[in-house]
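**Q** From first to last, the protein sequence lines are chains Z and H. Mind the numbering: the first sequence is residues 46 to 670 in the numbering used here, read in order. Mind the numbering: the second sequence is residues 274 to 545 in the numbering used here, read in order.
Because the hints were derived from the structure by calculation, they are not lab data. Check before you lean on any hint, since a few could be wrong.
Distance windows between CB atoms, simulated [to be verified]:
| no. | chain 1 | residue 1 | chain 2 | residue 2 | range |
| --- | --- | --- | --- | --- | --- |
| 1 | Z | L197 | H | V389 | 47 to 55 Å |
| 2 | Z | I157 | H | G391 | 49 to 57 Å |
| 3 | H | N398 | Z | P200 | 42 to 50 Å |
From the three backbone atoms N, C-alpha and C, an ideal C-beta is built for every residue, glycine too.
Listed below, chain by chain, are the residues.
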Amino acid sequence: MNPLRYRPVRSMWRPLLPALMVAVIGLSGGAFPSVVAAASHVVEQQGASVRGDEVKKESVAESLPAPKPKRSDYPSIGVSSRAVVWVVAQMHLFFGALVLAVPIFVLVIELIGFKTNDDRFDDMAHEFMKVSLTAYAITALFGGTLALSLFLFYPHFMTYMMRAFGSQVLVYAVLFFLESILLYIYYYGWNALRYGNRKWVHLTLGLLLNAVGTTLLVVANSWSTFMMAPSGIDPATGAVIGNIWEIMKGPLWNPLNLHRFLANIAFGGAVVGAYAAFKFLAAKTPAEKAHYDWMGYTSNFIAILAFLPLPFAGYWLMAEIYAYSQQMGILAMGGILAWLFVIQAVLICTILLAGNYYLWTGMARTEGGERYRWQIKYIAVVLVFGFLVWVTPHNVIYTGGEIAKLGGGNHPILGPLGIMPAKNIAVFLMLIFTFLSFQLYRRADKVITVAWQDWGNALMIVIYIVASANVIFAGVYYGYFTNTVYKVGSSVIQVVSTVVVIVAGVVIDTLMFKGAKTLPVYWGKVSDRSQYALFALPVAFTWLMALMGYIRSSVRTHWHVYTVMKDNSPENFIPTLQTVGNMVTGITLLFLIFVLFIFWIANLSGTKQIPPATDGGLTAAENTA
Amino acid sequence: MKALAKPLGFSVALILAFAAVTYVLPQMKGEAPEEKAVDVGELTMDSFIALGENLYSGKGTCTLCHNQLGRAPDLLTFNVGKVSLERISDSRYQGKAKDSESYLRESMLQPSAYVVKGFGKKGSNDTESPMPAVDQAPIQLSEVEISAIVAYLQKKDGNAVTVALPKAAPAAGKKDGVAEAKPPQAQSPEEVIAKFGCAACHSILKTQSAIGPSLNDVGKRLKIDQIRASIIDPKAEIAKGFPPIMPDFPTMTVSELEMVVKFLAQQTTAQP
Numbered sequence: 046m047n048p049l050r051y052r053p054v055r056s057m058w059r060p061l062l063p064a065l066m067v068a069v070i071g072l073s074g075g076a077f078p079s080v081v082a083a084a085s086h087v088v089e090q091q092g093a094s095v096r097g098d099e100v101k102k103e104s105v106a107e108s109l110p111a112p113k114p115k116r117s118d119y120p121s122i123g124v125s126s127r128a129v130v131w132v133v134a135q136m137h138l139f140f141g142a143l144v145l146a147v148p149i150f151v152l153v154i155e156l157i158g159f160k161t162n163d164d165r166f167d168d169m170a171h172e173f174m175k176v177s178l179t180a181y182a183i184t185a186l187f188g189g190t191l192a193l194s195l196f197l198f199y200p201h202f203m204t205y206m207m208r209a210f211g212s213q214v215l216v217y218a219v220l221f222f223l224e225s226i227l228l229y230i231y232y233y234g235w236n237a238l239r240y241g242n243r244k245w246v247h248l249t250l251g252l253l254l255n256a257v258g259t260t261l262l263v264v265a266n267s268w269s270t271f272m273m274a275p276s277g278i279d280p281a282t283g284a285v286i287g288n289i290w291e292i293m294k295g296p297l298w299n300p301l302n303l304h305r306f307l308a309n310i311a312f313g314g315a316v317v318g319a320y321a322a323f324k325f326l327a328a329k330t331p332a333e334k335a336h337y338d339w340m341g342y343t344s345n346f347i348a349i350l351a352f353l354p355l356p357f358a359g360y361w362l363m364a365e366i367y368a369y370s371q372q373m374g375i376l377a378m379g380g381i382l383a384w385l386f387v388i389q390a391v392l393i394c395t396i397l398l399a400g401n402y403y404l405w406t407g408m409a410r411t412e413g414g415e416r417y418r419w420q421i422k423y424i425a426v427v428l429v430f431g432f433l434v435w436v437t438p439h440n441v442i443y444t445g446g447e448i449a450k451l452g453g454g455n456h457p458i459l460g461p462l463g464i465m466p467a468k469n470i471a472v473f474l475m476l477i478f479t480f481l482s483f484q485l486y487r488r489a490d491k492v493i494t495v496a497w498q499d500w501g502n503a504l505m506i507v508i509y510i511v512a513s514a515n516v517i518f519a520g521v522y523y524g525y526f527t528n529t530v531y532k533v534g535s536s537v538i539q540v541v542s543t544v545v546v547i548v549a550g551v552v553i554d555t556l557m558f559k560g561a562k563t564l565p566v567y568w569g570k571v572s573d574r575s576q577y578a579l580f581a582l583p584v585a586f587t588w589l590m591a592l593m594g595y596i597r598s599s600v601r602t603h604w605h606v607y608t609v610m611k612d613n614s615p616e617n618f619i620p621t622l623q624t625v626g627n628m629v630t631g632i633t634l635l636f637l638i639f640v641l642f643i644f645w646i647a648n649l650s651g652t653k654q655i656p657p658a659t660d661g662g663l664t665a666a667e668n669t670a
Numbered sequence: 274m275k276a277l278a279k280p281l282g283f284s285v286a287l288i289l290a291f292a293a294v295t296y297v298l299p300q301m302k303g304e305a306p307e308e309k310a311v312d313v314g315e316l317t318m319d320s321f322i323a324l325g326e327n328l329y330s331g332k333g334t335c336t337l338c339h340n341q342l343g344r345a346p347d348l349l350t351f352n353v354g355k356v357s358l359e360r361i362s363d364s365r366y367q368g369k370a371k372d373s374e375s376y377l378r379e380s381m382l383q384p385s386a387y388v389v390k391g392f393g394k395k396g397s398n399d400t401e402s403p404m405p406a407v408d409q410a411p412i413q414l415s416e417v418e419i420s421a422i423v424a425y426l427q428k429k430d431g432n433a434v435t436v437a438l439p440k441a442a443p444a445a446g447k448k449d450g451v452a453e454a455k456p457p458q459a460q461s462p463e464e465v466i467a468k469f470g471c472a473a474c475h476s477i478l479k480t481q482s483a484i485g486p487s488l489n490d491v492g493k494r495l496k497i498d499q500i501r502a503s504i505i506d507p508k509a510e511i512a513k514g515f516p517p518i519m520p521d522f523p524t525m526t527v528s529e530l531e532m533v534v535k536f537l538a539q540q541t542t543a544q545p
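With the rest of the complex left out, here is chain H:
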């Protein structure tokens, strides 16, 4: 035991010494971006621009690369509005923008439309940008948020802000990760059927419709996996004699899907 005591003490001391190093370094916590709905009704142009500034260094993670370290052009060091017009007229420009606003928006959604020399992906000869599209994961900015950043970039150099202040929330179902008003989760199969309007085309519950095949006896005709498959990808297999018009349900949750699939699998009796 004596032989062990000293090495053990030495090892514990060394472990604690390593821990001590973490105490002398700056303490920062990296919060996950908050999914906040932007209340466009309350927005003023100033608060809209402030939102853009906030997103630029926050959720948008723009400053991760666009800084003085040279990973990407530091947008805060030059007049972005003026430079964007020069780039539109550059022979290397591949996009469709006509003005500063559309160029800035395009550069966030299709970063490879114009790649600043020296900042392209390795081996792409500056034709491909390493920047991710900001409306895609992992950044996932909404349309309102992208517009706010464009407004901020225009304003920071004293240029005229041409971005229109958003007037209303985007329509339901429109791709907008933050501002989209999601319908509530259905709690029963009946609610799922009502929520997604199944009865508009199919005979189910007490509703009759001949546009699509009746679902009252679907449990007898199809296996549970086939029912699930026909909801996930309605066009994969079309029932004989019916038109291929059933839409996809991208907003259907997994639990809603499983709820309605289970319910339909139990429908084995043709009702009058």
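Isolated chain Z, as found in the complex:
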């Protein structure tokens, strides 16, 4: 080991730096008196002390009820206010997700490169950051436009939000400055801090960048979750009575934090995967093809790895929504918004099929892949059946004649497939079999040599069979033969079964790969067609993010802030699915245009103009020499 590269005492402090910084930022929130003093409950704690009296007056003054704007109070500039905010907010979220997520896996890749002394990892991480850097400026532009749009179109709402969050928004602004500084130093300092101890400085900068980025994410999330499930307010009037921590820490905050954190990584991985695919298709040399094939594989790996636990995070978020307001939960999952989950099924299935297809075609990179090819058709069958069950609606709008023929509102066979237990079975089986694809891919370039390999394989097969049977049994028994309370409980068994497969698969493989013979992997030896899976992933992710963001926002129905501040604007209704589809499509296309711009810029930075030739056929540089 190189002693210059490893100093245990100093390195022990390195991971603590970002944590310390977050703590300082968190505490700095307490330095803003108007935020802390906003609460009348603080008055109760302070009693009749002198300071308490001062705080009391201030807090009472600030405890104005939530505004109740009339329809005529909403400014109109002749375009749909909601559409403008919808588009701008979603674009800001897309780019924000990309900018916050990419440095997370870039840091991991950089660390791998450093530990393995493999410059390819370092180069790839640097190239990923190039994409993120251009996206950063666009994030800020859309963020600024969003703030201006909200103040312009919804001034009363923003007045209330500013009252609730007070100087926390300044903390957010400070974090944004910090993020900018760290991002630029991290990117532009890459080559200056590439080797030896300097690399540790660079890695620490990356860690700080991610700590600030994640703090930005959770701060902004608190605004969204406050609107959905307000806390720290008087429920009768909406008056702000809690301190900033009570306002931020609503029941949905942490579930949304986790969900967005994972989704951002999956999304970021998918977008940079499309960049790699684009570069692969445009590559002129085998070396370039090999590099971008490997980059695309890594991106897909990141996207799918972050995507696999997303349903569990989504389950937690939805469970908390139900616990907060059953009405809100049912509106999303069983009311007018429920139809949107049929589209969600199409999108997630597209992601799973594209991810699996990419893994299957990737087996062509190594001769060892042939051993597992026969299993692909069975995995495909499970995925397609899962997809079909997932998209089956519980009922559709029938004519009188059709109802008479069916003998009721639901189809006798397809009807039971339309409810959640059937869909849960489908989803969890699809996740289990996607992991199987991943496991086969990982095994494709290895020849296992451990003596207990037969037992290990048998154990893995048993785990797959038992977990699949468990998922099916829990779904059928608890879903169709018990009441609603147990239906929800069955999901826990299914989640645990799926997690057991994933964890056991990783552990068993890690042990079995010890001493395994590695077969050569021919990077770049994949079909051009396989790269289309890398385009399908970000397209589906983008559409999905826009759709789910809309659903999350729409469960508030006609409330700006649920139960305390009504939305009386002319557009306080839930639009039809077509309108939602058109909006989401338009936003996704707009994002695609901006992404192309980013790719072009990233490409441009590596392009050098050839010096013009002089009369003698020599370039200007050659002439000078």
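Since the structure of chain Z is already known, use the hints to place chain H on it.
**A** Okay, now just chain H, sitting in the frame of chain Z:
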């Protein structure tokens, strides 16, 4: 560019394919509940019951849970009047209702008074209902609307409707989100003072009163935040020598408050 054209076409086609799915699904629009005042003078018992039926599946959002999917008891599948009497006599009943009408009303305002077995909040052992009180946000039904739903639930099974037809609009200031007749918004500080009867106790404008402290010089004695605070919460700080009798003004709008606060802050001269 050639390398880009095909993937771009593929991506756009995929985006449009997703959009196409939204076109084959049923198209529904979710309108925000309309804040309609119920003209009780025009109500007949039939229209009152019809209003209840409308609210049951509309603004009341009852059918969101009370349906065949098992989230809550499907009230349309059994005789609610008869069952409510059984529940009053159940040992688990925690409420104060004596008859079907008061039980139904109570079940909407205090849903946890009786929780049907298997329908309680998770972990509450059926002692706590997940149902929100219907007079609170986000549902916010008025008294008249709640009565209409009770009447509908009684009528649907052929039971006698015991709910009295509302005779007149509820008194001003009474908690009734829909039927309440709101006073018009004041347009000037003088109108605010007149609207909320400040001059009944305070000397202000041309009126003299010694019940409360004079407001003619309040701008000299108190800062603007203190004036605002004393209107929002009059009992927070009582002026020396005066009784704590100033009421709250829950119907004062934010703009009225700011208008009168600004006006009072400018009152710096004691008038005779």
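**Q** Does each hint fit the structure? Answer for all of them.
**A** Do the hints match the structure? See the list:
In this structure, L197(Z) and V389(H) meet the distance hint of 47 to 55 Å, their C-beta atoms being roughly 49 Å apart. At about 52 Å, the CB distance of I157(Z) to G391(H) agrees with the hint of 49 to 57 Å. Judged by the Cβ atoms, the range 42 to 50 Å given for N398(H) and P200(Z) holds: they are separated by roughly 47 Å.
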